[in-house]
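Build the full structure now, drawing on both the sequences and the hints.
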Amino acid sequence: MDVGSHSVAFPRRWWYPVARSSELGRKPLAVTLMDVPLVVFRDAAGVPAVVLDRCGHRNYPLSLGRVTDDGLLQCGYHGWSYDGGGQCLRVPGLRQVRTQSTWHVPAHACVEQDGFVWAWGEPDAEPTRPPYALPVVGGRGAGETVFRCDVESTLRASLENALDVPHTAFLHRGLFRGNAPRNTITAIRRPIEGGVEVQYLGEPVGMGPVRLPESSGRTFDHWDRFLLPSIAQIEYAVEGWFRIVNTLVQLPLSPFRTRAWFVVRFSSPLPAPLVRAVVKQQGRRILRQDADALARQTERTRSLGGERYASTELDLLGTAIWRLLHQAERAEQPDGEDLPPATISERQVVFDA
Amino acid sequence: MDVGSHSVAFPRRWWYPVARSSELGRKPLAVTLMDVPLVVFRDAAGVPAVVLDRCGHRNYPLSLGRVTDDGLLQCGYHGWSYDGGGQCLRVPGLRQVRTQSTWHVPAHACVEQDGFVWAWGEPDAEPTRPPYALPVVGGRGAGETVFRCDVESTLRASLENALDVPHTAFLHRGLFRGNAPRNTITAIRRPIEGGVEVQYLGEPVGMGPVRLPESSGRTFDHWDRFLLPSIAQIEYAVEGWFRIVNTLVQLPLSPFRTRAWFVVRFSSPLPAPLVRAVVKQQGRRILRQDADALARQTERTRSLGGERYASTELDLLGTAIWRLLHQAERAEQPDGEDLPPATISERQVVFDA
Amino acid sequence: MDVGSHSVAFPRRWWYPVARSSELGRKPLAVTLMDVPLVVFRDAAGVPAVVLDRCGHRNYPLSLGRVTDDGLLQCGYHGWSYDGGGQCLRVPGLRQVRTQSTWHVPAHACVEQDGFVWAWGEPDAEPTRPPYALPVVGGRGAGETVFRCDVESTLRASLENALDVPHTAFLHRGLFRGNAPRNTITAIRRPIEGGVEVQYLGEPVGMGPVRLPESSGRTFDHWDRFLLPSIAQIEYAVEGWFRIVNTLVQLPLSPFRTRAWFVVRFSSPLPAPLVRAVVKQQGRRILRQDADALARQTERTRSLGGERYASTELDLLGTAIWRLLHQAERAEQPDGEDLPPATISERQVVFDA
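Chains as they are written, first to last, in our numbering: chain A, 1 to 353; chain B, 1 to 353; chain C, 1 to 353.
Note that these hints are calculated values from the structure, not bench results.
Keep in mind that the hints are not guaranteed to be accurate.
Just so you know, same-sequence chains aren't split out, so a pair can sit in one copy or run between any two.
[Claimed, not checked] Taking lysine to aspartate or glutamate and the DMTMM-like style, the derived pairs with C-alpha atoms no more than 25 Å apart in a straight line are:
1) Lys280 - Asp35
2) Lys27 - Glu299
3) Lys27 - Glu193
4) Lys280 - Asp83
5) Lys27 - Asp292
6) Lys280 - Glu299
Structural data, given as structure tokens:
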């Protein structure tokens, strides 16, 4: 796919979430990773595997087949059967199977962790690190809710949108900060291991319809984080009272289509089921607005042949995300092996919100 | 868009109608000019403006935003706000706005005339002439009706179809000349200022279901006109009795999609509301047939990689329209500045209709 | 259309079926041959003709017109009228018609045979051979049934699928061989005039729900045949008992879309209407499964940029079909005139089914 002058990057030597553990049962599951069709399945022991979704014989999608009782993925067209490493072990009718290299389908290393099946982005390769471990939020009233959304946008645009503060007053007018009195907020951007974070100081406590009177003098602890290659994290807390961490685990389905799972973990004085219900309902409303805006933005940049962004000091993360992503991709090129990781400078900004 | 060997031309230093005055209220309006998305809006004084429909910040369509109380076009994503000249005057949250050249969105000169908003085809440029002024038809029983139609065709094919006489007996069989006895008609083609016209002599008086007996000996005064860049005009009159001028004001939405407004002005001994009703009803029927035929023709030329037209002496205007359009475009190229306008020779043809 | 690394070939100096005789009445019929739009019509004497579906004047599809009383194909836009050889004989309105070479539309040689209208693949050219004659199946309980199916696949994939035995146990599980006990079958591949055939030995007698007990010791006479450029034939018989010949007459509508007519001719001790009903019902079920599988295979090879097939000794016909097709196309190139036809070696394979 021609991506024009869009900020599309796909660093391959990283983990990507390809399915939630709970959606992968006995039937193979089809998914794409940057337009490459993959099939996820569990072998006889329940261990997940990920291979290219194309039978080596006549290129029929393996995801239309089934898993045999002995845990092989069997093609639905002529019955060729593969193990989790992509080896073809059975060809029905053939009296002697001498597995040949052309029969092999590319396989991706695979682990199951934090309720997700993660696949290594590069096929037939050994992972060089573990997947990102989601933060644990424990204690009083702890709970979790997960929801999923596919957006028509680049991974970069989806990540930037998730971590962007200024748009909330316009796109989410009413739901968010729009109605509140003006506040002066200080934001500090810092590099972190494998990513970048911004810490916000001075933000009044409130979310959606629940809002603390300003007289309380309390402010949020608030961090936004990006972690390579596709994780966005928003953390709000008030010391000793509550903590909510929303981790967006993202899968670039194609250059212009991104799947995001929102894993919201929280603890608070309120009953977990109540918090879960409010988070889910509010989350979905915000999500719909964001997904719609991202689709419109994508349509516009594509119809005009590419992105032409202007940025101000308020765009604290967008450019940093792109530099990290782009650099991670560049470092995997034959001529990029000696490149240092992108450096994100520390920066402080004061703005009105 | 690759236009293959199609007669697609887009002279930019001309006026194009982008909206009817009546459809442009408080909300910004999205439109395209040869695939370029534009947004039309009225400032606080009601004066229309046309700018590129892409916010300079994150490329969100400005037409999804709103006009502020002080007449700026405000983006719906982060609230950047622009004046009619495309200058960004406000960035919410930012403590000091120092407008920068990269924040500018291209703007098109714009005038409101004859019930239309006209935009100059070249952005950030000074118009060198006024828009075409529609003819006034006054006197007894004078009236006007306007209708709009989007057709799937090049501007050239739409213009040729509008001004083509021979197809009426076939495509509009029954509605038009098809059933009438044969007549011998003389057509004279002449160049006019910025275009070309054909005058028809000997045409019996009639239109749709209304038809004068041949014994009356009366014939129409009938002219078909093309005026650069996108205007077709059909004028029928019987001296001292009635006059009807149908001016098609056209907007090339894309190389293969053209918007046409039919501005029909008339005077006659009949009550204006009656004439308006008949014109509108007959007009819409003819229009549907033409729009369908143009779509089929476009589909066919595109599926076969381009136009391969043969012409006879009956095709009085098609080739002339194309030469004028193509030459007007050529004259705007850096190497075309000294080109003379296309010369359309005077020609006379006798045919049966 | 870019066909990537797909096995798409279009030998032109061959006959292709463009319509069934019974579907071509008074109205012209539109069809495509490898993306080229053609119109099929009958002249005043009922003789079929095939010309390019584009009027030489303004490129309107001729198939939207009508056949005049004197058997000309008249365009629906301006009425230009053509004979079966593509000559324009009438231009309405024009006082003198001096037919010119640019008015000509390309015409394809055409014959009606075996209930089909066949067109020569190369326009304005003289055929060098007759169309393939379908085999006659006569005698007791003889009958015929014909059905049609358009599949989203290359001609090659459709041909291979039609003549492929191993997939029946998987894709048509239950309908076909899937449930039967295992048998050892010997297949012998041989070149034949203009094609290739495979003969199967040792196949137990049965089809769909009807199945002979193995104790009978009787086996099918079974042949699968490919005949250039687009014919697949499956013949089953039991000497002195019954014979069924299924001839697939195929038309490549486009590189990735193929129309197949199934002409099933049979004789048996059962009443012909009963056999016809069973064949039609079973045939349609099998066809739906095959059409769906072919569409999925096509989607997958296209999304991954081409075919990457691996073959075993069980793939007796696929590669042979492709070599014959490809070679037939190559032989028509200016530098291919001296090429010998592809040689298909005789081969014997034993397999389980």
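Which numbered hints fail: Violated hints: 1, 3, 4 and 6; rest satisfied.
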